[in-house]
Amino acid sequence: MSAALIAEQVLNGLQSGVMLFLMAAGLTLVFGVMGLINLAHGSLYMVGAFVAASVAAATGSFLLALAAALAGAALAGAVVERVVIRRLYDRDHLDQVLATFALILIFSEGTRWIFGSFPLYLDVPPWLSGPVELPGGILYPRYRLALIGAGLAVAAGLGLLIGRTRTGIRIRAGENDREMIAALGIDIARLYTLVFALGAGLAGLAGALVGTIQSVQVGMGEPVLILAFVTIVIGGIGSIRGALAGALLVGLTDTLGGIVLPRALLLVTDPATAAATGAALASMAIYALMAAILVWRPTGLFGARPA
Amino acid sequence: MITERVLTLGALAALGLVALAAHVADEPFTVTLATRAAIFALAAVGLNLALGLGGLVSLGHAVFFGLGGYAMGILAWHAQMYQPMRIGPLEIAGTQSMPAIWLVAVAVSGLAALLIGLLALRTAGVYFIMITLAFGQMFYFFAVSWPAYGGEDGLSIYVRNGFPGLNTLDPIQFFGLCFALLAAATGLVAGLRRAPFGLALNAARQAPERVRAAGIEPQRLRLAAFVVSGAITGLAGALFADLNRFVSPAMFSWQLSGEIMVFVILGGAGRLSGPVLGAAAFVAMEHWLGGIWEYWHILLGLLLLGVVLFARGGIAGLVTGRSHV
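Chain order of the listed sequences is H and S.
Per my numbering, residue 1 is the first one in the first sequence, and the count goes up by one each step.
Per my numbering, residue 1 is the first one in the second sequence, and the count goes up by one each step.
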């Protein structure tokens, strides 16, 4: 196993990790502030990808497509929050799971109805295509490097928004005591819509960015949604820092597990068995990681300790 | 007023009569639909024990359904290939006998429920939902990437497995088997609900502190309920595999976990009659609406939203006018 291969896989892990963070951040914010478990978060990821593919096909501009994905998913999120989600804040988690499962059915079949079952494709713009030579002579796709940069920039921006602005103070106050901030004259319903739309917009952006390297199709959101759940369970539900740590851990475990496990098994068994067993085990690695972390800390790495 | 007992017996009788009438009218397809409903109802009986009575919102019950399915698939595959299974020094012959397959399906899914339950029950609430969902994905991806038994393509079994004294290839006889198991499982859950175990489990859902104060450990009750629940759903998985003569990783998919939960909620969570009513309504809709409009899942989604937001007792709640038992 060469150093270049490891470096490349670490970068791939970082790339999928930061994209996972964009998904997990919205989920964990919505859970932290409103106490809502939202299965339909993956649908907003899909909405972002489809909006981006449509806008890119119509205008030919990648940046316009990204902006449209962010805005479109945020708008879809705001509408869904006003119509359905806000009726669920006082309900138990079972009702939330079912209602948002119903939303997935509506979103997925609605998208299939409008766009058909065939996948759409989003092209990498010319100014981001091709490889870059990194120090050490490693060739790495420019677009994936840009994804890492964009993801880290959004993470930093989100950190500033939550930590330094008035809106951020209100969001954090909403996590701690919603009655109190309502009593202080803050329109809590608007704050909730804003938080939900923010999370939706981030999911839509992630959908558009990842849709460029994978295909844009119905059902693309749910595998990512479940990985995002694993991420926030590992990081601790409600914690943005935990979401970032969890996302990077999941991204790195997933990509490195795929190359390390088959090679490790080569030491104990023949090549064919090692490749097959290694691939099967690697696909389970992140869940094993999650189980291990839960045994160690049942509320996640950065989660509140139970009273 | 309609009691729970009358409603449950009525729903079961209606399902049986539909299948019999279809058999007499020589419409084997409708018999197969009724069989599908009975198998889904059996899976939902399993989940309803954990979810309705124990308050354990498991979004990973497809794990047990899939394990039951693969128990059938793997045993029958070895039998049809005349190739014994090798586990270390042991050689185990496959089988095409339903009772043997059912035993293995129940044992394997119960054991999986024990292991998953031991881990997942360390958490509660929303963590529990996400962890059961994640375990479902773990089994799904394992089944996809494990090449020995078909991987992503699944396994086909050419002849339906046999049951002593019956011709299981005859739709109505296979329906009879599934229906008998559904009735037995419903009876078992009805008995459990009245037994001290069920009463304590129900109390542990509503007031765990009081149960603990009475000297009963709620976690052990929940674990036991989860194991029985997983075993029943696993049995349903084995029957479902026999119905289709095919198993694939899709039996582990999260959509299937969601659908099993939909059967329970559509019928009425925690209600004895809920699983049968919900699964029958789902299969009827799947058939009728699916025949009219390709995108019928949109209507299912709207209906489910309506049930969650406005009719919390499901069908059983609407019929009896009470949302809780």
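These aren't lab readings, by the way, just hints derived from the structure by calculation.
All C-beta atoms, glycine included, are put in the ideal place defined by N, C-alpha and C.
Fair warning: there could be bad hints in the mix.
Stated by the list, open to error - One-sided excerpt, in silico: chain H residues whose CB lies under 7 Å from chain S:
no., residue
1, Y89
2, L94
3, A102
4, L105
5, W113
6, V154
7, R166
8, G168
9, V230
10, V233
11, A276
12, Y287
Said to hold, decoys possible - Take a look, some chain H residues computed to stay more than 10 Å from chain S by CB distance:
no., residue
13, G60
14, L75
15, I106
16, Y121
17, L139
18, A155
19, A173
20, A189
21, A282
22, A291
Do the hints match the structure? See the list:
no., hint, verdict
1, Y89, "violated, 13 Å"
2, L94, "holds, 5 Å"
3, A102, "holds, 4 Å"
4, L105, "holds, 3 Å"
5, W113, "holds, 5 Å"
6, V154, "violated, 23 Å"
7, R166, "violated, 29 Å"
8, G168, "violated, 24 Å"
9, V230, "holds, 5 Å"
10, V233, "holds, 5 Å"
11, A276, "holds, 5 Å"
12, Y287, "holds, 4 Å"
13, G60, "holds, 31 Å"
14, L75, "holds, 20 Å"
15, I106, "violated, 4 Å"
16, Y121, "holds, 23 Å"
17, L139, "holds, 28 Å"
18, A155, "holds, 22 Å"
19, A173, "holds, 22 Å"
20, A189, "holds, 18 Å"
21, A282, "violated, 8 Å"
22, A291, "violated, 5 Å"
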